[in-house]
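Colleague: Dock the two chains into a complex; use the hints.
Spelled out, the chains give:
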Amino acid sequence: MFSFLRQSTFTMKVHCFERKFCVSSSSLVPLPLPSRMETHFWYILPDEVKSSSLLNQYLDLLSPCEKENVFRMHGDRLKKRAILARALVRTTIARYQINSEVSPRSLKFRKNIHGKPEVEWQLDDDWRPPPLHFNISHTSSLIACGVTMDSLIGIDVEEKQRTIKNNILSFAQRYFSHHEVELLTSISDTEVQRQEFLKLWTLKEAYVKALGRGFSGAPFKTFTIRYGGAISGNVNSEASQIVVESCDDSTSHTSNWEFTLLELSSHYAAICTEKDNNAFEGGTLFLWNKII
Amino acid sequence: MAAITPASLFLQSRPRLSRQSLATTRISSLKSVSISNQKSLSLRLWPLQSCFRVHCAAKPDTVEKVCKIVRKQLALPEDSSVTGESKFVALGADSLDTVEIVMALEEEFGISVEEESAQSITTVQDAADLIEKLAEKKGA
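Protein sequence lines, in the order shown, are assigned to chains D and W. At position 198 of the first sequence the residue is numbered 283 (our numbering), and the sequence of numbers has no breaks. At position 42 of the second sequence the residue is numbered 149 (our numbering), and the sequence of numbers has no breaks.
Next up, chain W with everything else stripped away, as it sits in the complex (with noise of 0.2 Å):
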């Protein structure tokens, strides 16, 4: 079931990916559909007919999130461009800002993120993507 408001779309279906991709206008359901503010949002439609393919990411709310403990980290002024796509690196973060961002994302989301899993991460939307699988394992 597709929710659709002016700021946000959200689906829930099986199986997400966590690469985004850009959704199309041409939905054989719906004749119009806008879709703003949505940086790293996609969907997957039934039936499969449609042209196009699309998944969905972490949600923008966790983004955000992740987003302000990465500045709050760096100690980023709050007009510095970081996004979903921002790497840790490039925003100039070392191993240790990179572990203690993992500690405190797992101290906001209440989750537990392995080593292996640490270690991967290498942009916003990746933490972001970890901390949605992780809080769902958490959930179910």
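Pulled out of the complex, with its shape left as it was, chain D reads as follows (with noise of 0.2 Å):
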């Protein structure tokens, strides 16, 4: 239900788990916080999810503004997504052990300075807030949310069959590093093009959100995802590392984060996040589908 297209370690263990979850916060199976060298991925698909009231539900823990924001939403169809992107986020962290006053419906959320998603802590006087990151994305198809500790995260979903509207070596001229766009003028088959355009594309996407500064914060020309090879000798294609150079310096290595590429019910997800620099090669990612 997932394979690995590429991952910037071979070490990393997935572990992927397909539970459905039913309904009200109360009888959400609490977790530990992730240990520095895991990354969480939980997503869902919207197209499982076909009970109404259910989705009142889901409704009825959105703040007043999110709520306004679903029904802003042009149809039901994004109307649902939205409603489920915000409660896929609230169960997702309430889920985590952190203490007994956080509940889906009681976390607050804020925009940092770029406008990057962040929880908004109710701080106390004896309690510091856990230092969890979280990124989301969503297609019509798939929704997820991506959670560490300590560590920046971005992730990108794209769906494996979606069409570029514009020449996609043209939108590569304009838009991606010049390594890049050789890359992809290298390939003949349109078809394979279009996928490698695509994965590239969400690789990039994941590391801006990391970062998050904001599309302008790194516009996509001024770096470059790179395949690069295997590492000590080990020639395994399927775990070739996926790295971000600079363009400014090409002898730069931006080698503080750590990529995955999945292919996941029919999208491409990319993942980024920072890189432990202390802890041995390597991590664990979970993935977990599920019906919040």
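Check the hints yourself; a few may be wrong.
Stated by the list, open to error - Straight-line alpha carbon distances no greater than 25 Å define the calculated SDA-like cross-link-like pairs of lysine to any residue that follow: (1) 152/D / 189/W; (2) 179/W / 252/D; (3) 164/D / 181/W; (4) 152/D / 229/W; (5) 250/D / 275/D; (6) 244/W / 226/W; (7) 165/D / 202/W; (8) 165/D / 136/D; (9) 201/D / 220/W; (10) 196/D / 202/W; (11) 179/W / 300/D; (12) 245/W / 304/D; (13) 196/D / 230/W; (14) 194/W / 218/W; (15) 201/D / 306/D; (16) 250/D / 199/W; (17) 201/D / 118/D; (18) 152/D / 194/W; (19) 194/W / 150/D; (20) 193/D / 140/D; (21) 250/D / 203/W; (22) 240/W / 304/D; (23) 194/W / 154/D; (24) 165/D / 203/W; (25) 164/D / 178/W; (26) 360/D / 216/D; (27) 306/D / 204/W; (28) 175/W / 159/D; (29) 166/W / 204/W; (30) 306/D / 202/W.
Stated by the list, open to error - Stretch-level coverage of chain D by chain W, calculated; a stretch enters the list once three of its residues show a Cβ under 8 Å from a Cβ in chain W: (31) 154-161; (32) 245-259; (33) 292-306.
The set of hints was computed from the structure by calculation and includes no laboratory data. Note that beta-carbon positions come from the ideal geometry of N, C-alpha and C, so glycine has one too.
Modeller: Written out as structure tokens, the structure is:
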């Protein structure tokens, strides 16, 4: 149900769960917070949510502001997606054993100075909030939320069948780096080219979202995603490295970032997290498909 | 100078503000003005004793072209409601859609949009206003 396309370290282990939880916040099975070596990736498939009463329960979890945003969406499909996206974030974060005050409904969110969403913890004198990070992405058929501890995270998901309305090479020349344009130009099969384009897009988008500085904070042309060679002479093509490099100085390796690219339920999913330079290489990715 | 035709009203004046406001019908130098099909039109008239202040937003033609490009990118049916006030996100656009729309606008209008400006576009009107601003700069 999922497969690794590329991972930046071949020691990464993946645990995949297909569990369906149901209904209210009281039945949320609590989880310990992720360790620093873990990335948690939660996702739902909107088409699997068929009950309108369930959808109303999820709507009920949202803040007034979020509800307003839901109602501004044009049409039922977009409204449903908006409800599920916020419900996923709220129930996911509330699921971790943070403290007894935190529930899906009680969580507050805000945007940082660049517009990146973050939790606004209700501070207490004798309680320090956990350094929990999250990032969301959604398409019409998949909504995902990635969670880490003490590490920036950015995710992006795209439908594999998504068509690009503009000419791919023109688009790449306008927005991608020179190296990426070369890579795409070298692909003669238009379908493969489209797929590689999408993979690059998701990886670049995940990186920019992890940085949290907005589209203009790290313009796509200023960095390159590169599929590096294998590590330590181990020629395992599925485990070749994904790295990001600044275009200004090709020798400078922005080595703080870890990328994972998956195929998940007819989507490409890219995850970008900060590397913990003190720990050994590799980490664990947990995937949960759930109805919240 | 104002040229008034039944279907449109154009005004050249400075400075331009980008937010629309409705014009009232009390214009000191004209007895009656009918302004139709102007969802996002506003005027600045001299002298400033007039009791309201109006300003020019993008031409309706530009807004219409932007709507067409947005509809195409998002594969919206012809009868779906897309107006100047429509927010891209509310129409279902994600980040790739928005960038594709910006690129299509660049090609259609022969302009170049910086990342900072692209990031600030959230509605059809924003896009139309930016296009006119850039086209004006280009022509200057």
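Colleague: So, for every hint listed, does it hold in this structure?
Modeller: Hint check:
Proximity of residue 152/D to residue 189/W is assessed by CA-CA distance (about 22 Å); at most 25 Å being required, the pair is judged to hold. This hinted pair checks out: residue 179/W and residue 252/D have alpha carbons roughly 14 Å apart, not beyond 25 Å. Proximity of residue 164/D to residue 181/W is assessed by CA-CA distance (about 16 Å); at most 25 Å being required, the pair is judged to hold. For the suggested pair residue 152/D and residue 229/W, the alpha carbons sit about 19 Å apart, so the restraint of at most 25 Å is met.
For the hint pairing residue 250/D with residue 275/D, the CA-to-CA distance comes to about 14 Å; that is within 25 Å, so the pair holds. Using a Cα cut-off of 25 Å, the hinted pair residue 244/W and residue 226/W holds, with the two alpha carbons roughly 20 Å apart. Proximity of residue 165/D to residue 202/W is assessed by CA-CA distance (about 19 Å); at most 25 Å being required, the pair is judged to hold. This hinted pair checks out: residue 165/D and residue 136/D have alpha carbons roughly 11 Å apart, not beyond 25 Å.
With a CA separation close to 22 Å, the supplied pair residue 201/D and residue 220/W stays within the 25 Å bound. Pair hint residue 196/D plus residue 202/W holds up; C-alpha atoms about 17 Å apart against a cutoff of 25 Å. Note on residue 179/W and residue 300/D: the hinted pairing holds, with a Cα-Cα distance of about 23 Å set against a maximum of 25 Å. Straight-line distance between C-alpha atoms of residue 245/W and residue 304/D comes to about 23 Å, which keeps the hinted pair within the 25 Å bound.
For the given pair, residue 196/D sits about 20 Å from residue 230/W by alpha-carbon distance, which is consistent with the 25 Å threshold. For the suggested pair residue 194/W and residue 218/W, the alpha carbons sit about 22 Å apart, so the restraint of at most 25 Å is met. A distance of roughly 21 Å separates the Cα atoms of residue 201/D and residue 306/D; the hinted pair therefore holds under the 25 Å criterion. Using a Cα cut-off of 25 Å, the hinted pair residue 250/D and residue 199/W holds, with the two alpha carbons roughly 16 Å apart.
Proposed proximity of residue 201/D and residue 118/D is supported: the alpha carbons are some 22 Å apart, at most 25 Å. Taken as a hint, the residue 152/D and residue 194/W pair is honoured in the structure, with Cα atoms around 16 Å apart against an allowance of 25 Å. Distance hint between residue 194/W and residue 150/D is fulfilled; the C-alpha atoms sit about 16 Å from each other, no more than 25 Å. Between residue 193/D and residue 140/D the alpha-carbon distance is near 20 Å, which keeps this suggested pair within the 25 Å criterion.
Taking the CA atoms of residue 250/D and residue 203/W, the gap is about 10 Å. The hint holds against a cut of 25 Å. For the suggested pair residue 240/W and residue 304/D, the alpha carbons sit about 22 Å apart, so the restraint of at most 25 Å is met. Restraint check: the Cα-Cα separation between residue 194/W and residue 154/D comes to about 11 Å, which is no more than 25 Å; the hinted pair holds. For the given pair, residue 165/D sits about 21 Å from residue 203/W by alpha-carbon distance, which is consistent with the 25 Å threshold.
Annotation: proposed proximity of residue 164/D to residue 178/W holds, straight-line Cα distance about 19 Å (limit 25 Å). Of the pairs offered as hints, the one joining residue 360/D and residue 216/D holds, with about 15 Å between alpha carbons and a cut-off of 25 Å not exceeded. Our distance criterion of 25 Å between C-alpha atoms is met by residue 306/D and residue 204/W, whose separation comes to about 18 Å. In summary, the hint linking residue 175/W to residue 159/D is supported, as the alpha carbons are separated by about 17 Å, within the 25 Å threshold.
Taken as a hint, the residue 166/W and residue 204/W pair is honoured in the structure, with Cα atoms around 24 Å apart against an allowance of 25 Å. Distance hint between residue 306/D and residue 202/W is fulfilled; the C-alpha atoms sit about 16 Å from each other, no more than 25 Å. Given a C-beta distance limit of less than 8 Å, the hint that chain W covers the segment 154-161 of chain D holds, as 4 residues qualify and 3 suffice. Coverage of the segment 245-259 of chain D by chain W holds [criterion: at least 3 residues with CB-CB distance below 8 Å; count 7].
Counting residues of the segment 292-306 of chain D whose beta carbon lies closer than 8 Å to any beta carbon of chain W gives 4, which reaches the threshold of three, so the coverage claim holds.
In the structure shown, no violation is registered for any of the earlier numbered hints.
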